[in-house]
Structures are given as structure tokens and as C-alpha cells.
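Colleague: All chains should be built: construct the whole structure from the sequences, respecting the hints.
Chains as they are written, first to last, in my numbering: chain A, 549 to 835; chain B, 2 to 281.
Careful, some of the hints might be misleading.
[What the hints assert, rightly or not] In silico lysine-lysine, PhoX-like type, Cα no more than 20 Å apart, as pairs:
#	chain 1	residue 1	chain 2	residue 2
1	B	K197	A	K624
2	B	K69	A	K652
3	A	K607	B	K178
4	B	K149	A	K652
5	A	K762	A	K814
6	A	K607	A	K626
Bear in mind the hints are in silico, worked out from the structure with no lab data behind them.
Now for the letters of each chain:
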Amino acid sequence: MSHLETQNLTYVYGEGTPFKITALDNVNIDIPKGEFVAIIGHTGSGKSTLVQHLNGLLKPTDGKIFLDGENIWQSKSKIFDTRFRVGLCFQYPEYQLFEETVYKDIAFGPTNMGLSKAEIDERVRNAAKYVGIPNDMLEKSPFDLSGGEKRRVAIAGVISMEPEILILDEPTSGLDPMGREHILALIKNYREQTGKTVIIVSHSMDDVARFATKVIVMNSSKVEMSGTVDEVFEKASRLREIGLSVPQITEIFIKLREKGYPVSEKIYTVEQGYLELKKLFEGRGIS
Amino acid sequence: MIKDITIGQYFPFNSVIHRLDPRTKLLFTIVFIVTVFLANNFVSLFFCMLLSAAVIGLSKIPVKTVMKGLKPILLIIVITSILQIAYVDSGIVLVDEWKIKITSGGILTAVFMTLRISLLIVMSTMLTYTTSPTSLTNGLDRMFAPLKKLGIDFHTVTMIMTIALRFIPTLIEEVDKIMSAQKSRGASFDQGNLMKRAKALIPLFIPLLFNSIRRAYELANAMTCRCYNGGKGKTTMNALKFSLRDYMSILVMAFLIGGIIVLNIFCGEYNAEFTFNLAV
Numbered sequence: 549m550s551h552l553e554t555q556n557l558t559y560v561y562g563e564g565t566p567f568k569i570t571a572l573d574n575v576n577i578d579i580p581k582g583e584f585v586a587i588i589g590h591t592g593s594g595k596s597t598l599v600q601h602l603n604g605l606l607k608p609t610d611g612k613i614f615l616d617g618e619n620i621w622q623s624k625s626k627i628f629d630t631r632f633r634v635g636l637c638f639q640y641p642e643y644q645l646f647e648e649t650v651y652k653d654i655a656f657g658p659t660n661m662g663l664s665k666a667e668i669d670e671r672v673r674n675a676a677k678y679v680g681i682p683n684d685m686l687e688k689s690p691f692d693l694s695g696g697e698k699r700r701v702a703i704a705g706v707i708s709m710e711p712e713i714l715i716l717d718e719p720t721s722g723l724d725p726m727g728r729e730h731i732l733a734l735i736k737n738y739r740e741q742t743g744k745t746v747i748i749v750s751h752s753m754d755d756v757a758r759f760a761t762k763v764i765v766m767n768s769s770k771v772e773m774s775g776t777v778d779e780v781f782e783k784a785s786r787l788r789e790i791g792l793s794v795p796q797i798t799e800i801f802i803k804l805r806e807k808g809y810p811v812s813e814k815i816y817t818v819e820q821g822y823l824e825l826k827k828l829f830e831g832r833g834i835s
Numbered sequence: 002m003i004k005d006i007t008i009g010q011y012f013p014f015n016s017v018i019h020r021l022d023p024r025t026k027l028l029f030t031i032v033f034i035v036t037v038f039l040a041n042n043f044v045s046l047f048f049c050m051l052l053s054a055a056v057i058g059l060s061k062i063p064v065k066t067v068m069k070g071l072k073p074i075l076l077i078i079v080i081t082s083i084l085q086i087a088y089v090d091s092g093i094v095l096v097d098e099w100k101i102k103i104t105s106g107g108i109l110t111a112v113f114m115t116l117r118i119s120l121l122i123v124m125s126t127m128l129t130y131t132t133s134p135t136s137l138t139n140g141l142d143r144m145f146a147p148l149k150k151l152g153i154d155f156h157t158v159t160m161i162m163t164i165a166l167r168f169i170p171t172l173i174e175e176v177d178k179i180m181s182a183q184k185s186r187g188a189s190f191d192q193g194n195l196m197k198r199a200k201a202l203i204p205l206f207i208p209l210l211f212n213s214i215r216r217a218y219e220l221a222n223a224m225t226c227r228c229y230n231g232g233k234g235k236t237t238m239n240a241l242k243f244s245l246r247d248y249m250s251i252l253v254m255a256f257l258i259g260g261i262i263v264l265n266i267f268c269g270e271y272n273a274e275f276t277f278n279l280a281v
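Modeller: Below, the structure is given as C-alpha cells:
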């Protein structure tokens with residue numbers, strides 16, 4: 549069943565001025581419950597504008613957004629409600645921390661929801677656990693933490709609202725490889741434990757291939773293609789045309805095939821690649 | 002909301018006014034403001050209006066855009082007008098009922114003040130409409146350079162102004178981003194009473210302040226890396242030079258001051274009764 553859906557979503561920046569830009573043009577997407585969706589696209593393709601519509605931050609110029617079959621712009625209270633049900637974590641979220649302590653910052657969302665103190669406490673501790681923030685860090689000032697720690701606190705601030713859908717806009721940008729792995733692992737872990745829908749906007753095809761169950765490709769304000777990882781990365785040449793790429797490992801296997809090795813081109817992760825090569829070696833009697 | 006403010010905006014057209022030396026335009030604006038205050042009768046004021054109309058015409062900026070600049074001060078104009086009408090008691094009594102007394106003198110003074118304020122605002126907005134912030138500060142820098150001999154380093158002031166202007170759009174963008182992020186966590190900036198609204202701004206201003214300080218350090222480092230050491234021995238890529246049109250403008254300024262003085266003497270000090278009789 550469709551969980552979150554957009555119908556003919558169109559958004560125009562600066563309507564009625566000479567600087568008018570169509571950021572989204574007739575976008576139809578359909579996100580089923582429990583999926584791990586990756587939205588990929590070139591800079592300026594409308595990815596960030598799209599995700600800001602999904603929790604009702606931006607009001608569409610035209611078209612509708614449905615959450616569980618209900619139009620999110622039905623009423624003002626509905627919109628407020630949607631913001632809690634669809635948690636959006638912006639790019640570089642660490643620059644939005646403001647409270648005296650990490651605990652209070654994570655509690656900001658649940659407090660706005662009007663929950664009881666006990667409920668808030670439980671949610672904050674739960675969220676902290678998901679992102680790996682130890683208890684003693686909760687009483688520290690968020691401004692004293694390292695970049696990676698701040699990022700995790702900011703993500704916890706969204707998770708603590710216990711949204712049905714978690715959206716993360718480029719959660720790994722600007723982090724070192726270890727920090728990236730850490731964030732990706734915690735997102736994966738969060739999804740496995742809660743079974744909730746996760747949407748990430750990403751630039752890294754390798755990460756997308758490893759984690760996503762569904763991929764949406766945006767190109768110049770439109771949905772270029774969408775489908776499973778295999779369905780999307782199959783079209784390597786089209787992806788290159790719109791300024792994207794395929795995972796590095798896929799690149800290698802395409803080259804190998806060009807050189808005449810009998811390997812599949814549909815290799816998207818290192819694990820798959822390892823198995824494919826093993827098969828090739830075994831077939832030739834090398835172990 | 003923030004995007005509606007037009008003061009300080011720049012409209013890049015290619016016109017004689019745009020090409021004028023920023024120093025000329027600065028001087029012209031100052032001279033104009035002084036003359037508008039000197040003008041003490043409707044004829045002199047009309048003369049100033051003609052001149053500003055000529056400037057707007059030459060600048061190719063649509064009149065509608067210029068008038069939009071008056072919007073923020075509409076309230077001030079309305080309040081001053083009401084006060085003038087209420088307090089000035091001269092000329093013919095038009096309405097005298099209950100506690101309200103309106104005289105011709107009051108109305109004319111109100112009109113006079115409105116015209117005066119509008120002229121001041123229009124010409125100062127014209128300065129920023131036709132001069133890019135960089136060339137404006139560049140002009141200020143050169144204009145006040147002689148102050149250095151008195152021990153006042155005006156270069157620092159202009160550098161601060163340039164940086165401040167440069168970061169306005171950045172800050173607006175940042176406010177937008179932080180607001181969206183906090184809204185995503187259920188914050189609302191437009192609900193509740195004044196106290197609640199003021200409190201709602203904390204999650205906006207703390208990150209904004211923090212980021213500004215961080216950015217200031219980064220900028221200072223970047224400037225130091227490029228050997229910035231204040232204005233000492235600094236030259237500009239596009240050195241300012243007076244051309245014919247600048248000298249012409251100075252002539253116009255002299256004509257303006259002269260004209261106003263002559264008109265002031267010739268038409269006499271603004272006199273509500275006299276003007277009203279003239280009009281009737």
C-alpha cells in the first residue's frame with residue numbers, strides 16, 4: 549500500500565518575478581511502507597525541494613501530497629501533525645543545535661508535540677541509543693562536541709519524534725570516511741530495528757547500492773526514473789548522461805566485460821563483486 | 002517578509018546615472034537632502050521634485066519600483082500628516098466640530114511634509130538602486146581617505162560596511178534554513194502571544210549567532226591568508242576617475258543650490274495662508 553504519495557507535484561520559486569524557477573515539475577512518486585528509498589540527482593535537480601514538500605514545509609504551487617491516503621494540506625492542524633509523522637533532517641543539521649544541553653536539544657521535538665515528561669525522557673534516551681550517544685554526553689553542551697557527534701545529536705533530535713517516515717538530506721556530507729560509515733550504519737540499524745520507512749537524499753552511488761531498496765532519480769525538476777537498485781543502475785549510460793554515475797564496483801565490472809571476461813554487469817556492491825569474481829576464478833580452476 | 006525590503010537593493014541597468022562616479026552620486030544625494038530641507042515653499046519643493054523625476058527618468062528604473070521604496074515609510078507619513086493636521090492652527094477653518102479642528106494651514110503643512118519626506122526617501126533609494134554596494138563603499142573609501150591625516154582610518158569602516166552588505170543575503174538564506182529545520186521539529190514562529198513568539202525565536206537566533214561568529218573567524222583567517230593588512234598601500238582594480246558626466250553633475254548640483262536659494266528669496270517663506278489663497 550502506498551504510504552506517502554505525490555500527485556502532479558509542481559513547485560515554482562519566485563512566482564511572478566523575473567527570477568522565476570520551476571524547481572519541481574509534475575512529480576509523481578509513491579513510497580510504500582517500510583522501504584529504504586534513496587533519492588539521487590545532480591545538484592539543483594530538485595531533490596531538496598522535493599523532500600521539503602514531503603513534510604509540508606513548502607506548499608506546492610500545484611499538485612497534492614498524500615500521507616496514508618490523506619491530503620496533508622487539508623487543514624492547518626494536519627500540517628502540524630505531518631511534521632511529526634514525517635521527520636525531516638536537513639543537510640548539515642549540526643548547525644541548527646541551540647539548547648544548553650544535548651538532552652534538551654533532542655527533547656525539542658517531543659516537547660513541541662506536547663508529550664508528558666516521562667514520555668519525553670523515554671524518547672530522548674531511546675533516540676540517543678539509536679545514534680550511539682552515551683548517557684554522560686547528554687548533559688554536555690552541544691557546542692562542545694565534535695562534528696560527527698553533533699551530526700548524530702541532530703539526527704537524534706529528529707528520531708526522538710518517532711516519525712513514521714524518516715527523511716535525511718545528505719546525512720553523510722562533509723564527514724570523514726569513518727564518520728560516514730558510522731552514520732550509515734546507524735541509519736541501517738534504526739531501520740532494521742523499527743521497520744520504519746527511511747528516505748535518504750544521497751550523492752554516493754556506492755552507499756545507495758548498499759542500502760536502498762528503492763531508488764528515485766531526479767533530473768532537471770522531474771523524476772527521471774525510479775525502481776529497484778538493479779532497475780536503476782542497469783541504465784548506466786543514461787545515468788552518466790544526466791551527470792550521475794554508477795557504483796565504482798559496477799564501473800569495474802562493465803570494464804571487465806568490455807575486455808571480454810564472462811562476468812555480469814549487474815554487480816552493485818563489493819560483496820556481489822566478490823562472489824562474481826570467485827565464480828569466475830573457480831570456473832577457471834583458480835582458487 | 003524579509004524580501005520585501007527594497008532599501009539597499011541594487012538594480013543593475015546600464016544608464017548614465019549608473020555609470021556616474023559613486024562619489025558624485027554620494028555628494029549629489031547629500032546636496033539634494035540639504036536643499037530639500039532648505040526649500041521653504043512649494044515652488045522650491047516643486048523644483049526639487051522636477052530634478053528627482055529627471056534622475057529617475059535617466060536611470061531607466063521603473064517608476065513603480067521607485068515608489069515601492071516608499072512603502073515601508075507609509076506609516077510614518079500617515080502619522081506625521083495626522084499630527085500636522087491636528088496641531089497646526091492657521092489659515093481658514095475648514096472643520097470645527099466637537100474636539101476636531103481642521104484648518105487649511107494644517108492640511109497644507111501635511112502635504113508639504115509628505116512631499117519632503119517622500120523626496121528624501123526616493124532620492125536616497127535611488128542612490129542604492131543605481132550604485133552597487135561595492136562601488137558605493139569604494140566611493141566612500143576614496144571620499145573619506147583624506148581623514149587619514151587626522152588619524153581616522155576610514156578604510157576599516159568601509160571594509161566593515163562591505164562585509165556587512167556582502168553577508169546580508171547569506172544571513173537571509175541561513176535564517177530561512179534554520180527556520181525550516183526547527184519547523185520540522187514542530188517549532189512555530191507565527192502562533193501564540195508576544196511572549197510565546199519571542200521565546201520561539203531562541204531556537205532561531207542561537208544557531209544564527211553561533212554560525213555568524215564561526216563565519217567571522219573563517220573570514221578573518223581567509224583574509225589573513227591573502228595578506229590583508231588594512232588599507233595601507235592598497236590600490237583598487239578599477240580606480241575611480243571623474244569623467245565629463247561627473248563634472249556635469251556637479252554643475253547640476255550648483256544649479257540646484259542656486260535655484261533653491263533664488264526661489265526661496267523670490268517666493269518668500271512658505272506661508273500656509275498665502276499659498277492657500279494663491280491656490281484658491
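Colleague: If a hint holds in the structure, say so; if it doesn't, say that too.
Modeller: Verification of the supplied hints:
A threshold of 20 Å between alpha carbons decides the hint, and for K197(B) with K624(A) the separation of about 19 Å falls inside it, so the pair holds. For the proposed pair K69(B) and K652(A), the alpha carbon gap of about 44 Å is over 20 Å, so the pair is violated. With a C-alpha separation of about 16 Å, the suggested pair K607(A) and K178(B) falls inside the 20 Å cut-off, and the hint holds. The suggested pairing of K149(B) with K652(A) is violated, with an alpha-carbon distance near 51 Å, which exceeds 20 Å.
Distance hint between K762(A) and K814(A) is fulfilled; the C-alpha atoms sit about 16 Å from each other, no more than 20 Å. As the CA atoms of K607(A) and K626(A) are separated by approximately 13 Å, the hinted pair is consistent with the 20 Å bound.
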